[in-house]
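For the sequence shown, UniProt numbering puts the final residue at 198, and the numbers step up evenly by one.
To be clear, the hints were calculated from the coordinates, so they are not data collected in a lab. Predicted model, so just to flag it, every value in this text is computed and none were measured. Please note that a few of the clues may not be correct.
To be verified - Estimated spans, in silico, between C-beta atoms of each pair:
no. : residue 1 : residue 2 : range
1   : 81        : 173       : 39 to 47 Å
2   : 36        : 4         : 46 to 54 Å
3   : 110       : 52        : 27 to 35 Å
4   : 92        : 14        : 20 to 28 Å
5   : 21        : 181       : 25 to 33 Å
6   : 33        : 139       : 49 to 57 Å
7   : 81        : 23        : 24 to 32 Å
8   : 132       : 52        : 29 to 37 Å
No residue lacks a Cβ here, since even glycine has one placed at the ideal position from N, Cα and C.
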Amino acid sequence: MTRIAQLVLVLGAAVLWVASRLTWVEVRSFDGLGQPKTSTLTGAEWATALIPLALLVLAAAVAVLAVRGWPLRILAVLVAAASAGMAYLAITLWVIVDVAPRAANLAEVPVADLTGTERHFTGAVLTLVAAALVLAGAVLLMRAAVKGTGGTSRYAAPSARRATATEQEDKGEPMSERMLWDALDEGHDPTDRDTKGR
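Hey, can you work out the whole structure from these sequences and the hints?
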């Protein structure tokens, strides 16, 4: 489940990066001296947090490899918070009544020379899609943390494997091939039960 969560997070970060490259606001101005000028503001210029959020999500996708249990739950909550931030940035393009003052400031155009602005919603829609993907990734991470499928048996320390082998031996369960090799490496004969404690 963590692999799927990682793929979803990487996909969400990629969609967010694409959204940050698209035009969000177009600014038209005329100073009375030259030709009318049109400036475009990309998502990264309009909402400067988009690229840092994409990098945060990518870092979280990599961090999934190193954490399990409670740290994985905390990571899932942080990723969900990043998703909420993305959704907020996208929704602000619709909610702001007049984008002209902010657009003029970002495009470095005097407000007196401003003739019009136009919003382009494709980037904001992609940002909402990225937020949904990242939220889905956070849910998958939380489910993986609850189920304990963080890959603990694959990367268990030798002492943890020995403890598991001892528990299985006490219960009479058969030892795995890995546990047999660990016992041989320690100088024990895993097939002879009389050697315990020597």
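Here is what the structure says about each hint:
| no. | hint | verdict |
| --- | --- | --- |
| 1 | 81 to 173: 39 to 47 Å | 42 Å, holds |
| 2 | 36 to 4: 46 to 54 Å | 50 Å, holds |
| 3 | 110 to 52: 27 to 35 Å | 30 Å, holds |
| 4 | 92 to 14: 20 to 28 Å | 22 Å, holds |
| 5 | 21 to 181: 25 to 33 Å | 51 Å, violated |
| 6 | 33 to 139: 49 to 57 Å | 56 Å, holds |
| 7 | 81 to 23: 24 to 32 Å | 28 Å, holds |
| 8 | 132 to 52: 29 to 37 Å | 19 Å, violated |
Hint compliance for this structure: hints 5 and 8 are broken, all remaining hints hold.
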